[in-house]
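Number of protein chains: 2
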Amino acid sequence: MSNTQDAILFDRITFIGIGLIGSSLALSARKSKSVNHITVCDINQAHREKALELGLCDVATGDYIEAVKDADLVVLCVPPGSCGDAAAAMAPGLKKGCIVSDVGSVKQAIVQSVGVHLPDGVHFVPAHPIAGTEHSGPEAGFAELFKGRWLILTPPAGTNEDAIKKVTTLWERAGSQIELMDAQHHDMVLAITSHLPHLIAYTIVGTADDLGDHLKQEVIKFSASGFRDFTRIASSDPVMWRDVFLNNKEAVLEILQRFSEDLTFLQRAIRWGEADKLEELFTRTREIRREIIDANQA
Amino acid sequence: MSNTQDAILFDRITFIGIGLIGSSLALSARKSKSVNHITVCDINQAHREKALELGLCDVATGDYIEAVKDADLVVLCVPPGSCGDAAAAMAPGLKKGCIVSDVGSVKQAIVQSVGVHLPDGVHFVPAHPIAGTEHSGPEAGFAELFKGRWLILTPPAGTNEDAIKKVTTLWERAGSQIELMDAQHHDMVLAITSHLPHLIAYTIVGTADDLGDHLKQEVIKFSASGFRDFTRIASSDPVMWRDVFLNNKEAVLEILQRFSEDLTFLQRAIRWGEADKLEELFTRTREIRREIIDANQA
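Protein sequence lines, in the order shown, are assigned to chains R and F.
Quick note: the first sequence uses my numbering, first residue 657, plus one each step.
Quick note: the second sequence uses my numbering, first residue 657, plus one each step.
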């Protein structure tokens, strides 16, 4: 896909934060020849050194204003809870016409916390790539991470159309399929498909971790029977996920409440031996799997 | 592994029930030349026909007594809740010295419900292969399913040692690693590693299924963000899993209670914005993943 592209999209891109997503997008932007010059701004010196070593960027700095001063596109790739502070720190350096985007897993909170700091004449195009692995850090990135995956854009009404188009093209060249959505709706859909599953995986792995030592060793030994899948999810970046839950509180708590009710219903069915209730649900859930396979998402 | 074997272990093996596990063990026993003749007994005519068509057996019947009458080994491969009835139905046909085994995911309930029906001189060796896929039925089986996976045996004290040894060898030839365990301990370990994860996956997929139609379609569309992994688990055999929960009620309810407390703790931390509590747990859970990778179970 990326080989069919020929035009530079942005002379200079700056990544604020260079973890799994930032490094993958940097590699993909280079590969599709969409950018001339990449700057990385990261407060973590080890990440800056790693980014230079891996050829993810031309320049790496810890200075926000310096980092963004000639940028045509700035992509915030820090945890959701840090986006506002990063925006405040870099705002004085942004040039007129610059596009700011992000990759956060929550959108309402970021639109709010970032938007408030951006000067007039700068275009904010909030984005969320539905892609990732359980690994983190700049060395975890790879250019193909976004291939065939969704990229959700949640630009507020009135966002500059050219800016939306350029961000769209960058992600299309990374192999993404683009979907436009209202930020509030995004946060509810993701609360169900992503935030609740992660919260539950973290919980069950924590429950196992609190077992006595002998039992815990056996849980690890026999993890292949189902538990293992949860540990993969529950090894995702702790700070990023902490911020996701704190910044999408309302939707997460609402869907968590529904989940808890449903779990209590099943708990009661098990206690009272209500075989039909269990079988009915377990049959119904198979259907969703089929629909996911049909939608080519399996 | 299977190619280095040379001796027939059992002249005749009968499988009661021929789903994913039964068909995989039949294929593996054939491949390792451990058996001369295989009979399948299944009340489902379509399964009997499929088993013959796939060459899983020499004879297929719906008659329990006929099926087991010359068998040296009978393996119960029906859902846990049906093992007792199957044992009662076949018991009059079992010859002296016959070994009976099973593949159930719960052990105390099966040891009890099957053991009570077996005549003197028949040896019962309860077994549980920690292996499976989300697919079911005789066409889902493959000889390599058990390769590198655990097989837990829970023979009661006093079980014939030769019988244990022969069942052990059959599974070793299938590629399994063997572990002996007390049935009660098995049920607690599996409640954590397998039964609770499945219950939770079923619940969350059910919660999603109850959403309005539009939202549900989007959950399917964006399932790759975490939800998808749960749908795979929640598409496992409904009747088998119904029986697992009903037959390991005590251990499942105990571990479910712990899980619910832990989830409520996290829910409260999200509501009150207690970032440190979330980050502490999410960091701790990463460690278990590392231990699983170190144990070569990832």
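Among the clues, some could well be false.
Chain R is faced by these chain F residues, among others (derived, beta-carbon under 8 angstroms) [claimed, not checked]:
id	residue
1	774
2	890
3	941
Where chain R lies over chain F, by a calculated footprint (3+ residues, C-beta under 8 angstroms) [unchecked claim]:
id	region
4	723-735
5	925-937
Within a straight-line C-alpha distance of at most 25 angstroms, the following computed DSS-like cross-link-like pairs (lysine-lysine) qualify [unchecked claim]:
id	chain 1	residue 1	chain 2	residue 2
6	R	689	R	751
7	R	877	F	821
8	R	905	F	821
9	F	821	R	933
To be clear, the hints were calculated from the coordinates, so they are not data collected in a lab.
Every residue, glycine too, gets a C-beta built ideally from N, C-alpha and C.
Hints, one by one, checked against the model:
1. 774: Result: violated, 25 angstroms to nearest chain R Cβ.
2. 890: Since the shortest Cβ distance to chain R is 4 angstroms, the answer is holds.
3. 941: With a closest approach of 4 angstroms, the residue 941(F) hint holds.
4. 723-735: violated (count 0)
5. 925-937: As far as the region 925-937 of chain F goes, the hint holds, because 7 residues have Cβ atoms under 8 angstroms from chain R.
6. 689(R) x 751(R): At roughly 23 angstroms apart (the allowed maximum being 25 angstroms), residue 751(R) and residue 689(R) satisfy the hint.
7. 877(R) x 821(F): Answer holds: residue 877(R) to residue 821(F) is near 23 angstroms, not above 25 angstroms.
8. 905(R) x 821(F): violated, 56 angstroms
9. 821(F) x 933(R): violated, 41 angstroms
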